[in-house]
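Sequences and hints are given; from them, build the entire structure.
Sequence lines, in order, name chains A and H. Numbering-wise (my numbering), the first sequence opens with residue 1 and increments by one. Numbering-wise (my numbering), the second sequence opens with residue 1001 and increments by one.
Since the hints were made in silico from the structure, they are not lab data. Be aware that a few hints might be false.
[What the hints assert, rightly or not] On the chain A side, residues computed to face chain H include the following (Cβ under 10 Å):
no.	residue
1	2
2	46
3	122
4	126
5	137
6	148
7	152
8	177
9	207
10	213
11	259
12	290
13	296
Bear in mind that the values here come from a model prediction, so they are computed numbers and not experimental data. We put the beta carbon where it would ideally sit given N, CA and C, even for glycine.
Protein chains: 2
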Amino acid sequence: MKVERVAIVGLGLLGGSIGLAVRAFAPHVVTTGYDRNPEVREAARERGLADTICDDPATAVADADLVILCVPVGAMEDAASQIADHLRADAIVSDVGSSKQSVAEALARALPDHAIIPAHPVAGTERSGPQAGFAHLFAGRWCILTPPSGASSDAVEAVGSFWEAIGAKVEIMDAQHHDLVLAVTSHIPHLIAYTIVGTASDLEDVTRSEVIKYSAGGFRDFTRIAASDPVMWRDVFLNNRPAVLEMLGRFTEDLTAMQRAIRSGDGDALHDLFTRTRAIRRAVIEQGQDDDRPDFGRGPGA
Amino acid sequence: MKVERVAIVGLGLLGGSIGLAVRAFAPHVVTTGYDRNPEVREAARERGLADTICDDPATAVADADLVILCVPVGAMEDAASQIADHLRADAIVSDVGSSKQSVAEALARALPDHAIIPAHPVAGTERSGPQAGFAHLFAGRWCILTPPSGASSDAVEAVGSFWEAIGAKVEIMDAQHHDLVLAVTSHIPHLIAYTIVGTASDLEDVTRSEVIKYSAGGFRDFTRIAASDPVMWRDVFLNNRPAVLEMLGRFTEDLTAMQRAIRSGDGDALHDLFTRTRAIRRAVIEQGQDDDRPDFGRGPGA
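Structural data, given as C-alpha cells:
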C-alpha cells in the first residue's frame, strides 16, 4: 500500500505545512485541500498549499488514498461526518490532533467502515492560519501514530512512510499513553504559559507596560507559547481532561514544595532542583529537539 | 562626572558581557576585571573580557571610578567587603543583581561611605561562566537603576550613561517596586520552568526518554530556562522572598481557576484566557523585546 493521493482537510498551520512539505519533499504525491472557511481556501490557493483546493469536502476526498484531518480536535467528528459518504472504500483516514483517545473515538463513530490511523506530529509554532505553514515544519520532529487495536499493519506502514517522506521520525504508541506523555511535554506547558501571561496582565500593582518592557527576564518566552491558537488549545484541554488534570496535580505538588523551600529559606532544596534540570536540557539538545545556540539564537547578533 | 575606569568583579555571563560591550561600544573606557576563581580569571584573560585581569580584588578596583559587582546576589556583601578598603573615595559602586532591596541593604552595610547605585540589566541567556558573555547582550534591553533615597543625581546619571553607552535603555525605579515587577516577569517564570522540568523528569509512567523526544510540543522552551545558573537563581529566590511568594500566590490562584475550568468543561473560560494573552505577545514584539520570527526563528530553515 502506497500513499499517492492525499486529501488535507483544514488548511491552517498543520494542514498547510503538510501540503508544502509534500511539494518540497514528496513531489510524486498529489494533494487536494479543503477548508470550511472560504477566505482560507482563497489564501491556500494563493500560497499553493495543495495542488488543488476544492470548494467542498466531498470533491477533496473523492480520489484520496489518505485523508488527513487538520482541524481542532473538537471539530474532528463533524469533519469526519462530512466526508464519510464520499471516501473511497480503501481510503485511510488520519489526523494531526494533539489528543488521541478522544479523537480515535470520534473518528470511529463517524467512520465505522474505514481504516483509521490517528497521528500526532509533535511540531508547530505559535502562528496559525493559512499563512503560517512551511515545508520544513516536520523535519527532525517526531510523529506519533496511535493505531487502534486490530488496525491493518499495511495502513500503519503507509501512514508512517508518508510522514517519513515529509521529514518526520515516526513512533507508534498506545493512545492512552500518548495522552499522558503529551500532557506533560505539551499541554501543561501551554496551560502554565497561558496562565502566567494572564496573571501578569491582570496585576494592579505592576502595569502591563512594565510587564512588557521587562519581559526579557524570562516572561517573553511564555508569551510566545501563549500566542498559540485559542480554539485548538481549548479543544485540547476539553479532550484530554484526565491526563491533563493528573499531570497538573503533580506539577502543583512540586510547585508547592518549591514554595515551601523559598518560604523556609531552604537553599539546598532549590539548588538541588536547579542543578538536576540542566541534564534534561543537554539531552534535548543532543537529541536534536532544540537549537543549541544560547537563547535560541535570538538577539541583534543572530 | 564621567565613567572612564570600570572595575568588573565577577567574570561570568554578565561581567564578561559588560567587558566585551565596553570594548565594542565604549572603547574609551578602561576596564579591569577580577574573579575569585583562578580558572575563570585565566579564561577571562584568554577571551579579553577586560583590559586587565587582576589576581586580587584590591588591585582591580584601586583606580576605578565605577565598580560593578557581577556575582550572585547572595555573594554581594562578601564581594563588597573585600573591596571596601581599596576603593577610591569618589568611586561609585553598582551591581547587576536580579533582586534589588536585599542587595541595596547588603551593599549599604559593607560600604557605608560610598555612593551606591544598584542596577539590574534585564538581559541574559541560559549560559553562564566566562565563555558565555558577548558584546551585544544588552543591546535594546532595559537596565533598571534603583538608587537609594538621597543618592547623588550625578552618580545616577553617570551609571545610566554608562549603560546607555553599551547599548541598554535605562529606567529608574524604587527597589521595592523593582522586586515586585521582576518577580512576575522573571523570577516566577524561572521557578515554574525549573519545577515543570523537575516534575517531568521524576515521572514513573512517562520515561525521561519520552519527555525528551516529544519536547518540541512546548516543554523544550522550559528546559532552556531551567538550564540557567543554579547558584544565581537559588540566591534570587532566597533574596526576593516576599515578592516571589506574593506573585506565586496569584499565579497558583489563576492556575486553580483554569484547573476548575478544565474539570468542569468550561470551554468559554479557557477560550477567553487563550485569546486575551495574544495581545501581550504582540506588545512584546512591537516594543522590540523579542524576535518576531515564528518559534524564535528556530528550525532547519533558520
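Hints, one by one, checked against the model:
1. 2: Status violated, d = 26 Å.
2. 46: Hint on residue 46 (chain A): violated, closest Cβ of chain H at ~19 Å, above 10 Å.
3. 122: holds, 5 Å
4. 126: Result: holds, 6 Å to nearest chain H Cβ.
5. 137: With Cβ-Cβ at 8 Å, under 10 Å, it holds.
6. 148: violated, 21 Å
7. 152: Violated: closest Cβ of chain H sits about 25 Å from residue 152 (chain A), beyond 10 Å.
8. 177: Result: holds, 8 Å to nearest chain H Cβ.
9. 207: The hint holds - residue 207 (chain A) has a Cβ within 10 Å of chain H, the shortest such distance being about 9 Å.
10. 213: For residue 213 (chain A), the interface hint holds, since the closest Cβ of chain H sits about 6 Å away, which is under 10 Å.
11. 259: Status holds, d = 6 Å.
12. 290: Hint holds; residue 290 (chain A) Cβ to chain H Cβ min 4 Å, cut 10 Å.
13. 296: holds, 4 Å
Hint violations for this structure: numbers 1, 2, 6, 7, all remaining hints satisfied.
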